[in-house]
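Residue numbers (this note's numbering), protein chains in the order written: chain E, 1 to 343; chain S, 1001 to 1263.
Take the hints with a grain of salt, since some may be wrong.
Straight-line distance between alpha carbons at most 30 angstroms, and here's what the computed DSS-like set of lysine-lysine pairs gives [claimed, not checked]:
1) E/Lys160 with S/Lys1260
2) S/Lys1101 with E/Lys166
3) S/Lys1203 with E/Lys307
4) E/Lys334 with S/Lys1128
5) E/Lys334 with S/Lys1203
In short, the hints are calculated from the structure, not lab data.
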Amino acid sequence: MRLSFIRPISCCAVSSSPSTSFKPQTPLFLRPPTFKTTLSDLKKWHLWAKSLASSVSSTFLKLDNGPNSELLLRELNWLIEDTIETPKSFFQETINPVSTRVCLDELYNLWKQRVEKRRPFQYIVGCEHWRDLVLSVEEGVLIPRPETELIVDLVDDVIKENEELKEGLWADLGTGSGALAIGIARVLGSDGRVIATDLSPVATAVASYNVQRYDLEEKVHVKQGSWFEPLRDDEGEFVGLVSNPPYIPSKEIGGLQAEVGRHEPRLALDGGESGMNDLIHLCDGAVSMLKPGGFFAFETNGDEQSKFLVHYIETKKQGNFSKVKMVSDFAGIKRFITGFRGR
Amino acid sequence: MVRSIFKSFLNLPIPKAIANIPILTPSCRPHSTPKFYLPVGKKIQHIGPLFSVPVGERFQEFGSLFSAKYSTNASNNSNGSIDTGISGREYLLISDEELMKQCELTTFKASGPGGQHRNKRESAVRLKHNPTGIIAQAVEDRSQHMNRASALSRLRALLALKVRNNIELDTYTPPQELLQILPAKSTLRGSNCGPQIGPNNPKFSLGMQALLDLLFAVEGSVSDAAKKLGLSTGALSRLLLSDNSLRMAVNEFRISKGMKPLK
């Protein structure tokens, strides 16, 4: 079983996704610094960008809990880190002209989009720093959230005590940028493998790109399709399932922070009327997908959903799972449900 | 039982909002700050200053390093030292994971549902070391994971600076980790010590802690400490001044003893 999975990986990781027509963007920080700008022009841009950020004050914060000036100014520094070849010498004004990875017009354009269009900073620079990874992201792919970093720690904890889980087959359902699949692949043992699925061809293309950047083509297999569908060949073979599925109730989508509601894919956010359509589907499917003793960890909207799902599993899936519990995120919200398939 | 003296800034105000955290922008990052690199794909990603951040600058809202305030959560004995039941040296020897278990981790988050609802890079991390009450934090990095690593590494430096181990002066011989940070001219330094370990090396904090233990035991006298280390007073002074946080720790202690700061 394992062998049949390993063989196609090397050729499949990228080509298996039918999205060959879709070419992921290169994050700004990986582009060559081929543009030259005079120090004075760049300083002028910097002043303009700072004043644009300052003009926001707490308007967005009051409007929809968006970023305030302070946060925007910090993002501006990160934009400089990603686009200027030698950010330090720019700040110290010891270099002229300055080499940049995008042209000056584009710098104006990008910062305008950030502030005026509320385009997420991560889409502007084309990457997100997540755990110890820098993952490529772009429009059409959910930006991985800091809360989700914890799922990798939860997996790391369970595999430490269990060799079978450490060397087994895992799945990341609705992988988006591939964050969870890559994070988990890096803590698994040498025989551990992850299949990452996503319905969106943009997501599978971006996830494949990220998998390649971390040289994990041998360990992570990206497949396009809805939830468990691409996993049918390995039904019952999984030692672990993780997912950060869409969980926001449909009626709340309209009121989201502009960066999220206007720019991130609804497919990755909207969990239907209760927000739990996909989570319930995952809990239902986990029974037949997991090996006895297998582990699952799903992210939820928080306390209410987690409580509901734990109750759902304990009553509707009676006897199928053990040690089902809620786990809090750093903010104390019961963000995750975890458990084991009964033996 | 091993006793350690330490002075902490318990009871000092804790920043309530992210606005209170000093932020190191690239423009004010000190040149001498050691950097920590790790490979990310095909790029080497710089993840910010890690170890010897100028402590006074970054932690000033917690009060001075060697303020006269003593911890209240551990039993005070007659000479004002704190009995934490574990030597300060042990804190530095345990793994990151074990040290993390002794800490309370908080992040600075705004209210709201979080998760998918939110796109804000507020990844600041604050670690409170429960046995000592020492607080370390990091905010300047772009991921929470990295800020946690930075905070932990800063915590190690603070533990070295603040948690004192009692030593017996009469029978004193410098421990290996201290010999390793001494310059080669020390007469006590055997050839098995290897090259001198500098402030950029993670092992430096262990030697720095032992050096401060000695300096505290000799009441801040550089010449007395130098004798115990087989060094000239000038050579030890140069070592004490070679690291920013070490220099500040020594000088605060000397000032508290009515001595002149080293320059």
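Structure-based check of all given hints:
1. E/Lys160 with S/Lys1260: At roughly 53 angstroms apart (the allowed maximum being 30 angstroms), S/Lys1260 and E/Lys160 break the hint.
2. S/Lys1101 with E/Lys166: Holds, at roughly 23 angstroms.
3. S/Lys1203 with E/Lys307: violated (46 angstroms)
4. E/Lys334 with S/Lys1128: holds (22 angstroms)
5. E/Lys334 with S/Lys1203: Since the Cα atoms of E/Lys334 and S/Lys1203 sit roughly 39 angstroms apart, the hinted pair is violated (cutoff 30 angstroms).
The structure fails to meet hints 1, 3 and 5 from the earlier list, while all remaining hints are met.
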